[in-house]
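Join the two chains into one complex using the hints; note that each chain is given alone, in its own frame.
For reference, the chains in residue letters:
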Amino acid sequence: MGEILQYLLTGLSLGGIYALVALGFYIMWEASKAANFTHGDVYMFGAVVTVVLVEKGLPVVLAAPIAIAAAAVIGALIERLLVRPFNKEPNAIGWMLTTIAAGIMIESMATITYGPLGRPLPSPLAEQPIRFGGAGIYPQEMLLPIAAVAAMFGLEAFYRRTTLGRAMRAVAFNRTAAGLMGINPNRIALIAFALAAAIGAFAGILVAPVVQAMPAMGSLIGLKAFGVAIVAGIANARGVVIVGICYGVIEKFIEGYISTGARNAVGFTLMILALLLFPQGIFGRREVVKV
Amino acid sequence: MIWNFLRSTSRGPALLAGTALVLSLSIAPANAQKAEPCIAGSWELTGALAHTGLAIKMGIDAAVDEINEAGGVLGQKLRVIAYDDQGEPSRAVDNARRIGERDNCIIMIGGYRTPNALAIRTVLSEIGQPWMGVISAGTRVIEWENGKNEWMFRVSAKDRWVAPFLVDHALQRTKNKKIGFMFEATGWGQGAVPDVEAAAKAKGTALVGKETFNIADQDMSAQLIRLRDAGADTLIFYTVDRETDAILRSMDRIGYKPTIVSAWGIGVQLGKTAGPLTEGVLVHGTFAWTGQLSPRAQKVWERIKAKENLKDPSELVLPSGTANAYDAVYVIAEALKIAGAYDKTKLRDAFYQVKYEGIIANYNPAFERTVERHDAILPAHYKLLAYHKGILLPVAQTPHALRF
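Chains as they are written, first to last, in the numbering used here: chain A, 34 to 324; chain B, 4 to 407.
One chain only, chain B, in its complex shape (with noise of 0.2 angstroms):
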C-alpha cells in the first residue's frame, strides 16, 4: 500500500530515493559491524618504547602463527596489522581510527602505554570497535568513570589490583612496619599513588614517605636520604628500567638498602644494567619466561625463540608483556568461535562466554558484565618474581622467597 502511494504521488521517485537512503543508512551500523580476521595493534615500534611494542608483537606472532598453522579460525587466517604510535597518545588515536574503520579489522591490540588506552576510549566507543590491552595496566583504561566501558578488555594486570599485591608483600617483608614509595612522573605513577595509599590504609598502614622523579634522571640520593631518614626499610616502585638503574646506583652510593617491592615496569634489562645491584629486587608480573616452563609454554618459547632469532629466555624484555599477548590472542580466537562470524557486536559479547586455559592462567571465564571484570588476568594470578644474579625469576626458584 505504502508502494502503490509512492509511487501514485508526483514526488514519488524522490520520496523512493529518500526513503531508500534513509534505509540504507539504518542498516549501515549493522554492516559496519562485519569485521576482517585481522588483529591490529598501534603499539611503540619506534622511539625509546620500542622494545615494548616488539615484545607485545612477538607475542601476538608466537599465538597467531600457531592458530594459522592449525586453520584458523572460522575458516580464515588471521592478519597480524602493526601500526607505530611511539607511546604518542595522538598517534594512538590516528591508529585506532584507521583501524576500526578503514582496516575494519574484528579486534585492535593496545599497547604499553596507560595514556594512549586513556586517549581512545572515547572513539573505540564511538566506532563500536573491540580492544583488547596486553600491558597498560591503567585502572581508568578498564574501570570507566561513568561505568559505560563496552568495547575494552584487557589481559593484563590492573593498577587498582596490583597496589594491595605490592602492599602486601612489602608487609611480608618489613621488618620496622615503615614502608615507602618511589614513583615516577607520569600518568602511570602518579596514578598508582591513590591506588598504593588506599592499599596501605586496607592493610591499617600508612606509607612513611612518597617520592617523585622525573623521566631520564640520573641521581636520587636526595629522594632516597628522605625515604632512608624515614625509617623505610622497604620501598614500593613504581618505575621502568633506566630509572630504576639510577635508582639503584643511587642507593649503593648512600649505603641505603632497603627491600624493594616493584610494578613491573622494571624488566630483564635492569639485570644486565645494573647486574649485582639488583640482587633481590622483586618484581609482579604475570608470567616469567626464564626458570622452569610449562611444557606448553616451553613450545611457545621455542617458536618465538627460532622466528625471533633469540638464544635465552632472559632476551624477551618484557615477559609478562609477551605472555599476555599470547594468550590475549587466544582469548579473542575462543570468543570469534563463540560469535559464528567476524562481527565486532558478536564478539564482544561473546567475550564474556570465553572459557580458557592459557599459559597464565585459566580464564574461567575470561571476562564478566561487570565494570571491574573486563580484566581477564585475576589478583590471584599474579606472580612474584624475583632478580637473582641477574636474571629475573619466579620468587619461589630464587633464595628470596620466603621459608615459613
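Chain A on its own, in the form it takes in the complex (with noise of 0.2 angstroms):
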C-alpha cells in the first residue's frame, strides 16, 4: 500500500511539470498554430536565472519574478525572431528547425556562462518530507500538480473574462477574421509565446529546489510535455492538465511494476497507441474544413 501511495504522489508531483510545460505548448499553438521547441530550455532558463540571482544576495521572492519576467521577453524574442518569420504559409514547417536550434544554442550558452553542473535552489518546502501511509513527499513537489490545476483554471478565467484572452480566443477560433475585427493577430501571438515561456520558467523555478538547477534539466521535459500537448489535443487546456498529470502518474507506476528502463519504451508506446486511437488527441475536436 504504501508504494502505490509513493507511485502515486512522486507522479502527481512528475505530472505536474509535464503539465505546466505543456501548457505553454497549448498557448503557443492556439495563437500561432506553432510551436516553440526552445520550451523545455525557457523553463530551464527559469530556474538557473532564478539561482544565479540567488547566489547574488537577491531573495527568492525578488529573483524568481525578475527570472520569470526574462523568460517572457526571451519567449516573445523567440517569437518574433524565430517563428514569425518562418510561419507565414499555412503549411509552413522552417519555425520547427529554428526553435530546435535556438534550444541548442540556449542550453549550450547556458553551459558556457552558468557551467555545467547542478546547483541547489534553496526552499523551506525542500527540506523535510512530509510522511504518511509509508510514503513521503517534499511540500515543494506537491505545489507542482496545485500549480498545473491553477493555471489551468487561471488561463481559463484569462481567456473568458479578460479582453486580452477573448482576442487571443478569437485569433484561435479564426486568425483571419480576428484580424478583421481590428485584432493584431501578431500581437498576440507575441503575448502568448509571452504568457507560455512564463509559465514555462515558472515550472523551472518550482522545480529547482527538488531537482538541481542546471543547463541540461529542461531537454527532455520539453520533448515528453509536447508529446503529451499532442496526445491531449493541443488545443484543450484541461485536457492538457489531466493528460500530463495522468502521464507523470503512469511513468511511476511502469517504473515501480515494470522497471526503470521499460518507463520510456513503455510510455512512448502509450503515447503512440493513444494516438492511434484518437488522432486528434484524447481530448481534441476534429477540426472541420470549409473548401
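Rather than coming from a laboratory, the hints here were simulated on the basis of the structure. You can trust all of the hints, since none of them are fake.
List time: in silico BS3-like cross-link candidates among lysine-lysine, alpha-carbon distance up to 25 angstroms:
{"no.": "1", "chain 1": "B", "residue 1": "K340", "chain 2": "B", "residue 2": "K302"}
{"no.": "2", "chain 1": "B", "residue 1": "K60", "chain 2": "B", "residue 2": "K314"}
{"no.": "3", "chain 1": "B", "residue 1": "K314", "chain 2": "A", "residue 2": "K89"}
{"no.": "4", "chain 1": "B", "residue 1": "K308", "chain 2": "B", "residue 2": "K392"}
{"no.": "5", "chain 1": "B", "residue 1": "K308", "chain 2": "A", "residue 2": "K89"}
{"no.": "6", "chain 1": "B", "residue 1": "K386", "chain 2": "B", "residue 2": "K358"}
{"no.": "7", "chain 1": "B", "residue 1": "K308", "chain 2": "B", "residue 2": "K60"}
{"no.": "8", "chain 1": "B", "residue 1": "K260", "chain 2": "B", "residue 2": "K180"}
{"no.": "9", "chain 1": "B", "residue 1": "K213", "chain 2": "B", "residue 2": "K181"}
{"no.": "10", "chain 1": "B", "residue 1": "K392", "chain 2": "A", "residue 2": "K89"}
{"no.": "11", "chain 1": "A", "residue 1": "K89", "chain 2": "B", "residue 2": "K310"}
{"no.": "12", "chain 1": "B", "residue 1": "K260", "chain 2": "B", "residue 2": "K392"}
One side of the interface only, derived from the structure: several residues of chain A facing chain B at Cβ under 10 angstroms:
{"no.": "13", "residue": "T43"}
{"no.": "14", "residue": "S46"}
{"no.": "15", "residue": "V243"}
{"no.": "16", "residue": "I254"}
{"no.": "17", "residue": "Y290"}
Glycine included, every Cβ here is placed at the ideal spot set by N, Cα and C.
Written out as C-alpha cells, the structure is:
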C-alpha cells in the first residue's frame, strides 16, 4: 500500500511538471498554430536565472519574478525572430528547425556561462518530506500539480473574462476573421509566446529546489511535455493538464511494477497507441475545414 | 654491384626510383615515432560533462607548469593541447587521429568517459600513439579482450579493482550482510555489474538486489522501495552527482537510510546540492584535496588555486581526477627522461622502467609488461573518502571512520 501511495505522490509531482510545460505548448499553438521547441530550455532558463540571482544575494521572492519576466521577454523574442518569419505559409514548418536550433544554442550558452553542474535553489519546502502511509513527499513537490491546475483555471478565466484573453481566443478560432475585427494576430502571438515562456519558467523555478538547476534539465522534459500536449489534443487546456498529470503517474507505476528501463519505451508506446485511437488527441476535436 | 646492375639496365632509373620509394616507405614508421613535446588531451570541455575536462586540465597544467619552470624535459618545454570531445566517442576518435597524426604529440591524455577510451583503442594501435588515462576507469580500457594492449596506460582507478574495494567496505559496514547495488544505465554503470557481482561472490556473499536508472531521472523511489523491501542495509553505488542527488532525496522521501559505499562518480558537487543528505556517504577515490595535505600536495594546491582563481579545495570538483592528471604528467616526464628522446616507441618502453613518487602513490614501478599492470594506481593506493558537513574528506578525518 505504501509503495502505491509513493508512486502516486511522486507521479503527481512529475505529472505537474509535464502539465505546466505542456500548457505552454497549448498557449503557443492556440495563438500561432506553431510550437516553440525551446520551451524546455525556457523552463531551464527560469530555474538557472533564479539560482544565479539568489546566489548574488537577491531574495527568492524577488529573483523568481525577475527570472519569469526575463523568460517572457525571451519567449516574445523567439516568436518575433524565430517563429513568425518562418510561419507565414499555412503549412510552414521552418519554425521547427529554428526553434530546435535556438534550444540547442540556449543550452550551450547556459553551459558556458553557468557551468554544467547542478546547483541548489534553497527552499524551506524542500528540506523535510511529509511522510504518511509508508510514503513521503516534499511539500515543494506537491506545489507542482497544484500549480498546474491553478494555471489551467487561471488561463480559462483569463481567456473568458479579459479583453486580451478573448482576443487570443478569437485568434485561435479564426486568425483571419480576428484580424478583420481589428485584432492584431501577430501581437497576440507575441503575447502568447511571452505568457507560455513565463509559465514554463515558473515551472522550472518550482522544481529547482528538488532537482537542482542545470543547463541540461529541460530538454527531455520539453520533449515529453510536447508529447503530452499532442496526445491530449493540443487545443484543450484541461485535457493537457489531465494527460500531463496522468502521464507522470503512469511513468511512476511503470517504474515500480515493470522496470525503470521500460519507462520511456512503454510511456512513448502508450502515447503512440493513444494517438492511433484518438488521432485528434484524447481531448481534441476534429477540425472542420470548409473547402 | 646492385648499383652497377641498376645503372646498366634500360629500366635502371625507374628501378632506382622505385627502390628509393620502397626504402623511404620502409623507414617511414621509424621516423613517425619522432614526436613533438606536446601533451594533448581529448576531454569533455563543453556540455554536461565540461567540469570533468576542466578538472583534468587543472592537474595537467599544474604539473606542466612546474616541469617547464624547472627547464622542461630533455631540454624542451612541454606544451598542452586540449581538444573537446563533448563526451562523444566519435569526436574522441577524430581527436585521437588529430593528436597522433597531425599534431604528432608524444602522448595523448584521456578524458572522463570510458566509452570514449574504448572507442579509440584501435586507432591508437594503428598509429602507434601512447595514451594515458587519468579518469575513465573501465576495465577493458586497459585489459583488452585479446590481451594486446601496447599503447594504453593509466594513472587512475580500474573498475575490476574498485569493485572488491567497495564490496570490502560494504561488508565491513553492513549489519545484516544484505548489500544492494544501484547503478546508472550507462556503459560505466552496466559494465560494473559483473565486477561487483564477482567481487561479492569472491567474498562469499551475493547482492540482494540490483537496480538501475536512466541519466537525468529525478526520482528513484521505485528502485529504492525494492531494495528496502529486499532488506538491503548497505548499498553500493555506481552513480554520478546529479542522479545521486535524486537518489538521496528519494531515500529521504521514503525514510530509507542505508549505508552508502560509492564508486567515484560522485564528487564534491554533491555535497553542495544535497547538503545534509550526504552525511556519511562513503566514496572511493585516489586523492582528496580537502583536509590535511602533504607539503608537496599543498604546494600543488596553492599553484592551482592561484592559476584557476579558486578559494577552497572543495572547488576542485573531481579531486581524484585532478590529482591523477598531475601525477600522470610526472610519470610521462620521467619516462621521457629514461627514453632519452621524444620517440613514441621509446616512451612506451620506458614506462615500464619508471619509478616515481607522486602525490597519490609511490609508483614502483609505474607499469609492468602484463595485461593488468598498465594501471599505475594499485588497489593498495585506493582511498576511502566520506562526506562530512557537505565536504568530501578522507574518512579518517571524519566521524565516519570505523573505530575498532
